[in-house]
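Engineer: Going down the list, the protein sequences come from chains A and B. Counting along the first sequence from 1, when you hit position 20 you're at 20 in the numbering used here, and nothing is skipped either side. Counting along the second sequence from 1, when you hit position 82 you're at 82 in the numbering used here, and nothing is skipped either side.
Note that these hints are calculated values from the structure, not bench results. Ideal Cβ placement from N, Cα and C applies to all residues, glycine included. Certain hints may be false.
[As the list claims (entries may be wrong)] Computed, partial: chain A to chain B, Cβ under 7 Å:
| id | residue |
| --- | --- |
| 1 | Thr3 |
| 2 | Trp7 |
| 3 | Pro8 |
| 4 | Leu44 |
| 5 | Leu90 |
| 6 | Glu99 |
| 7 | Ala100 |
| 8 | Gly103 |
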Amino acid sequence: SQTIHQWPATLVQPVGSPLSLECTVEGTSNPNLYWYRQAAGRGLQLLFYSVGIGQISSEVPQNLSASRPQDRQFILSSKKLLLSDSGFYLCAWSNGRGEAFFGQGTRLTVV
Amino acid sequence: AQSVTQLDSQVPVFEEAPVELRCNYSSSVSVYLFWYVQYPNQGLQLLLKYLSGSTLVKGINGFEAEFNKSQTSFHLRKPSVHISDTAEYFCAVSEDNYGQNFVFGPGTRLSVLP
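Hey, can you work out the whole structure from these sequences and the hints?
Structural biologist: What follows is the structure, encoded as structure tokens:
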């Protein structure tokens, strides 16, 4: 069966520090991968999605970047965090039949 | 491009009462429709999905939803809620193009009161 791992679960980082959140998927190949952000009291905002290694589509201009160095690995990064980057970040993968499966999320607090 | 509307940001109901969470979408092509539930500080869990076939879809935890193409709606229902159903519920749509993109509604916070 397929599983998705996302870590860390919580993270507190100072303004201006770098960020790296990692997401890996097991039990499937060539998945579509996604990064979403959920700000407090708001819905889910799609940040990036990837249909293959090295292929990244960005949905909104922002302080973040994403990379897909391996088929089942998706990384969310920032060189310098801003206060506004605080939120709940969710990684997801889809099986190409329109269904998405989510990781447990990372609660990022920028202080 | 598709979009999803959840008209109710918060829905308080008493335990054992019925509930309906509304979802409307817009899309120019065929869509897949989903309801996800999110408990505090957790990821999203799929409740149910409509891909094709019967418009009445049954999911986990006693929830069901009905796809109405003419009204572009996919409302979620449960005949009798429990305290444990308190959570955030998201409606989502994916266009019929191998699911390269998902659009989520803003979410509805269901609070079940004792």
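Engineer: It remains to establish, for every hint, whether it holds in the given structure.
Structural biologist: Do the hints match the structure? See the list:
At a threshold of 7 Å, the smallest CB-CB gap from Thr3(A) to chain B is about 12 Å, leaving the interface hint violated. Hint status for Trp7(A) relative to chain B: violated, with the closest Cβ pair at about 12 Å, above 7 Å. For the restraint placing Pro8(A) at the interface with chain B, the shortest Cβ-Cβ distance is roughly 13 Å, beyond the 7 Å limit, so the hint is violated. The interface hint given for Leu44(A) holds, since its Cβ lies 4 Å from the closest Cβ of chain B, which is under the 7 Å cut-off.
At about 6 Å, the closest approach between the beta carbon of Leu90(A) and any beta carbon in chain B falls short of 7 Å, and the interface hint on this residue holds. The criterion of a C-beta within 7 Å of any C-beta in chain B is met by Glu99(A), whose closest approach is roughly 6 Å, and the hint holds. Here the hint on Ala100(A) is kept, as its CB sits about 5 Å from the closest CB of chain B, short of 7 Å. Hint status for Gly103(A): holds, given a least beta-carbon distance of 5 Å to chain B, under 7 Å.
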